[in-house]
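Residues per chain, in single letters:
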Amino acid sequence: MDSNDTQEKWQVQLRKGALELVILAALREQPVYGLALLRHLQRFPTTAITEGTLYPLLDRLKREGLVDARWVQEGDSRPRKYYQLTDQGEHKLTALVQAWQQSVADINALLAAPASAAPSTQGS
Amino acid sequence: MTSRDPIGTYMRTLASRLGQLDKADAEEVMREIEGHIRDVVEQAQARGKTTDIHALLQGFGPPEALAAPYVAHIRTGAPPPAGFGVIQRVRQTVTRGLYYSGGASGFGVALGLLLLALAKLVQPSQVGVWSTAGGNSIAIAWSGSPYLQAEELLGYWLVPVALLASAWCAELTRRVLRALRRGLS
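Residue numbers (my numbering), protein chains in the order written: chain A, 1 to 124; chain B, 1 to 185.
If you're looking for bench data, these hints aren't it; they were derived computationally from the structure. Note that the Cβ used here is the ideal one computed from N, Cα and C, for glycine as well. Careful, some of the hints might be misleading.
Partial list, derived from the structure: chain B residues whose beta carbon lies under 10 Å from chain A [unchecked claim]: (1) Gln43; (2) Arg47; (3) Asp52; (4) Ile53; (5) Phe60; (6) Pro62; (7) Ala68; (8) Pro69; (9) Ala110.
Derived BS3-like pairs (lysine-lysine); straight-line CA-CA distance at most 25 Å [said to hold, decoys possible]: (10) A/Lys9 to B/Lys23; (11) A/Lys92 to A/Lys16; (12) A/Lys62 to A/Lys81; (13) B/Lys23 to A/Lys62; (14) A/Lys81 to A/Lys92; (15) A/Lys16 to A/Lys62.
Simulated restraints on C-beta separations [stated by the list, open to error]: (16) A/Ala25 to B/Leu98: 42 to 48 Å; (17) B/Arg12 to A/Trp71: 18 to 24 Å; (18) B/Gly97 to A/Arg28: 50 to 56 Å; (19) B/Ala104 to A/Asp87: 41 to 47 Å; (20) A/Gln88 to B/Tyr99: 34 to 40 Å.
Let's have the full structure, built from the sequences with the hints guiding it.
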């Protein structure tokens, strides 16, 4: 119980940092509206967020100028608010992807090589 | 207690919690959230299924919690309109006295400038901006030149200049009051 609880908290923290990255990445190709974006993220267990997390986050990204939004009506359907990356969002995404990949590479290296196996940099 | 119209109840509560936003911003949030809910319900109906409305609304969380991040940036200081950086420093500790005295002063100056422009049209020789002592002293007067051998500076240009200054002053006051109003609510 405690172990599961701790693991869940750790996953929540991990996801919190990665969420902005995966949302920016999801919007990089073409405009996407909220419900479609939510379903896209819910395809993966670690990014399966709720509506109550997604919409305020999109609002923040919009206020920060990382995404832009416009209302689009297709045929008889209800108008939907589509989000897409701005130039500023593209730059942010590039930076976040680099940081993420560096972190993953570093952590993988640390997982593969315990501290005792690392070469010493200090004189004895 | 369960509502017969849970979506309507949810949206009404959300609307009241978004009251601090501009009306247009609040309506846009409402439109997006309600559109999402209606889309889910209609797409389920098209597949011959029913939607668990309560579970769906649970995904959005309580309306108070959903509204909180939308209005949080206002409470911590909304980005000011371009060119009015001073507004960013306005915080919630605003008194009603400051609100009303600021409004009276700002709109009072705007009204004065407007009257000045109109007066220049009615009595052009009596109203103007005069300079004397080699530009060391400048006076705006409604009683003819206040100095001997003074030079009137703007002539009829005083009319558009005063009108523009009046409009700018009124707009600045309106924006400052809007920011102060958020602090009062």
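Hints, verified against the model:
no.: 1; hint: Gln43; result: holds, 8 Å
no.: 2; hint: Arg47; result: violated, 14 Å
no.: 3; hint: Asp52; result: violated, 14 Å
no.: 4; hint: Ile53; result: violated, 13 Å
no.: 5; hint: Phe60; result: holds, 5 Å
no.: 6; hint: Pro62; result: holds, 9 Å
no.: 7; hint: Ala68; result: holds, 8 Å
no.: 8; hint: Pro69; result: holds, 4 Å
no.: 9; hint: Ala110; result: violated, 31 Å
no.: 10; hint: A/Lys9 to B/Lys23; result: violated, 37 Å
no.: 11; hint: A/Lys92 to A/Lys16; result: holds, 16 Å
no.: 12; hint: A/Lys62 to A/Lys81; result: holds, 12 Å
no.: 13; hint: B/Lys23 to A/Lys62; result: holds, 18 Å
no.: 14; hint: A/Lys81 to A/Lys92; result: holds, 22 Å
no.: 15; hint: A/Lys16 to A/Lys62; result: holds, 18 Å
no.: 16; hint: A/Ala25 to B/Leu98: 42 to 48 Å; result: holds, 46 Å
no.: 17; hint: B/Arg12 to A/Trp71: 18 to 24 Å; result: holds, 23 Å
no.: 18; hint: B/Gly97 to A/Arg28: 50 to 56 Å; result: holds, 51 Å
no.: 19; hint: B/Ala104 to A/Asp87: 41 to 47 Å; result: holds, 44 Å
no.: 20; hint: A/Gln88 to B/Tyr99: 34 to 40 Å; result: holds, 36 Å
Going through the hint list in order, the structure does not satisfy hints 2, 3, 4, 9 and 10.
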